[in-house]
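A.B. asks: The lines below spell out each chain.
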Amino acid sequence: MAITIEQLNDFGVNTKEGLTRCMNNKNFYFKMLKMGLSNDSFEKLGKALEDKNNEDAFEAAHALKGVLGNLAVTPIYTPLAEMTEMLRANKSADYVEMYKPILDLRNQLLALI
Amino acid sequence: MEKLLPVNTAIYDELPISTIIYKIFFNKDDFSCDYKIVYGNKTFVNEWKSIHGDRNFLNESILESKIVSDDVLKMMEKFTTEEPHSFFAYVEEADIHVHFQPIKNLPAGYGGFFMTNISEYEKTSSRMHFLSSIRKMETAGVLLREKFDGSVECVFASKNFADMMECSETEAVEMMSGRNFILTTHSDDRLDVKRMMRRRISEDGKKFLVIRKITAQKNEIWCKVYYSFIDDFDERYVYCTYFDVTSSRIYAERLRTAYMTIGINFYRENVNTLGMFRVNLTKNKIEDIKGKDLFATDSVVRPYSEVIKLRAANYPIQKECENFLYKFSVENLTRKYLLGKTQISTYLFSRRKDGRYCYVKFTAALTRHPISGEIVVFISEQEANNERVENELLNKILAQQFDMVIYISNGKYGVVVGDTSRITSGNIFPVTRTGNYEDYLNNQVIPVLHGDDENKKSVAEALQLTTVEKNFSEKDPYVVNISCLIDGKIYHKRFDFYMVNPQANFYILLESDTTEIQRKQIEQNLQLKEALAESRQANIAKTAFLSRMSHEIRTPMNAIIGLDNIALHDETISPSMKDHLEKIGTGARYLLSLINDILDMSRIESGRITLRNEEFSFRAFIEQIETLVESQCRDKNLKFSCLIGGPIKGYYIGDDTKLKQILINILSNAIKFTDPGGSISLSVECTAQYEGQSNFKFIIKDNGVGMSKEYLPKIFEPFSQEDDTNTSRYGGSGLGLAITKNIVEMMNGTISADSEKGVGSKFTVTLPLKISDRPEETSEDEMRPQDFSVLIVDDDDVACEHAKTILAEVGISSDTCHNGEEAVEKIKLRHARRNEYNLILVDLKMPHKDGIAVTREIRKIIGDEPTVIILTAYDWEEIIDDAISAGVDTFMSKPLLASSVLYEFQQAFHRKKQFVAEEEPVNLEGKRILVVEDMPVNAEIVMMILEMQGMESEHAENGKIAVEMFERSPENYYAAILMDIRMPIMDGLKATEEIRALNRPDAKKIPIIATTANALDEDVQRSLQAGMNAHLAKPIEPEHLFKTLQEFVK
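Respectively, the protein sequence lines represent chains A and B. Numbering (this note's numbering) for the first sequence: 36 to 148. Numbering (this note's numbering) for the second sequence: 32 to 1081.
Looking at chain A on its own, in the form it has when it is part of the complex (with noise of 0.2 Å):
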């Protein structure tokens, strides 16, 4: 296992509250984390923005913001909630750009679990 509590701790995961959620049981929390970030909503998600697709775009990321709610993805959950509710609220926003820093935490996080 490359990455430690630790380390997703310095990138701000809540860790404490995702192990509480899964019962502290680490492989497991690992295991879902490596599962949630390589979830494939995360390029659906690109894709629809992209296409100014904002009704799947915000398909797309209210799944992940369940899903990484679930998981304490702190830095990621936060700006994706954000744009969730711009996108339910069916505002215009350069969402390409505010996507990029969150695809690039993920991938990030992604590399090292």
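Since the hints were derived computationally from the structure, they do not count as laboratory data. Note that beta-carbon positions come from the ideal geometry of N, C-alpha and C, so glycine has one too. Check each hint, because a few of them may be wrong.
Only pairs whose alpha carbons sit at most 20 Å apart, straight line, appear in this in silico EDC-like list of lysine to aspartate or glutamate [stated by the list, open to error]:
#, chain 1, residue 1, chain 2, residue 2
1, A, Lys79, B, Glu988
2, B, Lys943, B, Asp804
3, A, Lys51, B, Glu1070
Stretches of chain B that chain A covers, calculated by requiring three or more beta carbons in the stretch to come under 8 Å of a beta carbon on chain A [stated by the list, open to error]:
#, segment
4, 270–280
5, 964–971
6, 1062–1070
Following the hints, put chain B in place on chain A, whose structure we already have.
C.D. replies: Okay, now just chain B, sitting in the frame of chain A:
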């Protein structure tokens, strides 16, 4: 000499019997003989010597010397001519009886005797004879033998004597022997008996005595005893013959006693005595006369018959006078005495010597003179005013109160007071003045009883003497009320039985007619009922008025205080405006307190105040008071200190609100009457603990203006303040201390005050509180402001806003809404989210639905869990029962005060916790949950969570699959469904609707819980509309999830 004898005398020498041989000498005339003793053996010689000394007996001429008695000489002469035989003779010299046995075969001319002293024999046999002859006597007799020491021994007691002494003969002997002889004699007669025994003659020289003996049965009998003293056979005997003279003796004794008693007791003057005579009726003679009210005509020399006439002249009432003369005539008295009457009396109206008139009681006591046997009368004439009047009065009263007074003794009755003629109707007076009570009951009472058979039976039973007797052990008098139907009218009668003598079964029975009383009572009862109803009405009206008034005043006060509060929070106001607003607030609060005081006082006066018995934290209680008082003291620049001492427990049971009122009332007074710079102290001490109670002593001291000693006793009276100038200076209703004292007393406490003008005041309150077993809670257990989630329901905007502001000041977050419907909606949503309000404040008076109705609905949705407090400006005592049954936990009066709100909330929670039992958590192990979730990670996590708790889970990736899985599953296969909302193909809402629509029994019942990141109110509402049971927000909290599942999976 022996040689001269032709007899071998040697054979007699050693014989133990006196033996002599004599020789017969014929005188010269040959006609007469002489005798000479020629031999005496040793025994004889010894005996001779012992009697005659050295006197010679041998060869003496017996005729001359007379050494044998004439009797013996005669026999000796006789034996010269005929065959000798044995004989007895008395030997004078020796005073002995001797048996003479002639010696046979002596040569002619000789004679001889063997001689035996038979005196002893003789005596014994005659004594036997004596005794046996006594024994044969028929009389009641005893034979006594006096012993040397003077004591007596009873030798014999006759059968008759034994009978007289009521015992057996053997016992009689015992009773007459030794000390018993005297002991069985009456103590008054012992001296006589002893004297008789000693001197053998009575005091008056007679051989008899009349004494009393005490029989074996301890009865006293009079005996006439004849004494015969017999001294014989060397012994002293007394033969006593008894004659029972008891009956005659008792008669004589009685006579004597009667005479004496009359003489001593009756014939004695007292203050009421007017005159007295002793009259010998037989001789018609006055023997003695005395008294203070005698007329000159009264004289000893006149015969009684004449004197009585003279007396009669003083009795002015003709009828009485005639009656008197007849009653006290010699003839009448004599006749009456012979008929057995011993006392005759009459009341007379009499003139006295001094000319006054009075009632006299003329009494004659009759007896017989004990010696002469003549009839003697003791007559007294006594002034009897009081006695007479009392009796008269008693009779009148009895006759007034009672139809009759009878006595009952051993089943017989006799009329004491009562007059049939007086009773005009409804008469059950006994037909005869004496008779059997039972006959009276059966013939006159039971037949006229009124009522149903059951009733009649029980009344008849109650009047039976056996019942009466039984009841006396419990009650005296024993009272029976009966109804009678006489001549078509109903009468009520009352029987009062009084026990006079329980041993003799002697009662007094008073019978009275209560018809009139009953009628009046019924009337009175009716009047009372009406009056009561009226006063109840009035009371209800008063209560309603006070309640309305208090509300009418308090509602605008609320608005004033509320708005003032809100305005004060506006940061844009100027300092002078702020000052005005603060003054408005102070004034409004003061006005409110006055209204509260008046309401309290009216509650106390009408007894409508009740004390709660609820557990409260003593520490929190004191803290709250401290906070409140401290801030007020700070405002007025007073020093405040609070001291707590004694073994104080964590929790007590009592009415903390009222206790707070007591302390705050006194403390507020202290603050009010102490000038800035002064100091106030509160000391709390637990002085004693016993039987689950603690005694508390609260002392409130100040160094304020104080009160004068004269005023002190009045401070607890309503509307009192020391002087009017003070009132204007300090204000106040003057009710505070009166209320305080009343509450203290209701709590079984005491309050006292001590004060000195210009020095300060000291109030001491002592009261008991029940100790609660609950240990002191740690501060973690206590509700903190952030733990409260409050919903305020009030139709009034200002009130809502004010409450929210106050709560925010304390740090409690709250939502507001304006009516019941809104509240129910809000609560439903929160409930679905499992994020409940734990405290709901509901205004009582709201349009459409009042607070109680709203509470009822709230309880329907969310059960007992949240605390519901009714906020009201009304007096809630009236609706308290209704409210509690609707599910209201407690009340708080409007407006809310920041100083007390947290404490009140904590108390309400605390109390609720006592009553709401912790529910046993449902075991979720083995339950199967369908997890409907499109995101694998979320699904995995949820399933992981469920499995950790021992549950089984199955996964459906979208709604469609979920519906299919559910459809395929056997009934009750899944315990619950966790449903994501947003899913491809079929979302959760649709899936829920489809599941609910399925035609299978568990389709409607299976709990479906939404799990979604969408947590807006609209989302929640949609979930509920789709038929979901609850709505949980993501990310899922395991504890939250379990709790929700436990709630639904049962």
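A.B. asks: Determine for every hint whether it applies to the structure shown.
C.D. replies: Here is what the structure says about each hint:
1. About 18 Å separates the Cα atoms of A:Lys79 and B:Glu988, which keeps this hinted pair within 20 Å; it holds.
2. Distance hint between B:Lys943 and B:Asp804 is fulfilled; the C-alpha atoms sit about 17 Å from each other, no more than 20 Å.
3. With a C-alpha separation of about 15 Å, the suggested pairing of A:Lys51 with B:Glu1070 holds against the 20 Å cut-off.
4. Coverage of the segment 270–280 of chain B by chain A is violated in this model, with 0 residues showing a Cβ closer than 8 Å to a Cβ of that chain against a need of three.
5. Residue count for the segment 964–971 of chain B with a Cβ under 8 Å from a Cβ of chain A: 6. That meets the three needed, and the coverage hint holds.
6. With 5 residues bearing a CB less than 8 Å from a CB of chain A, the segment 1062–1070 of chain B meets the requirement of three and the coverage assertion stands.
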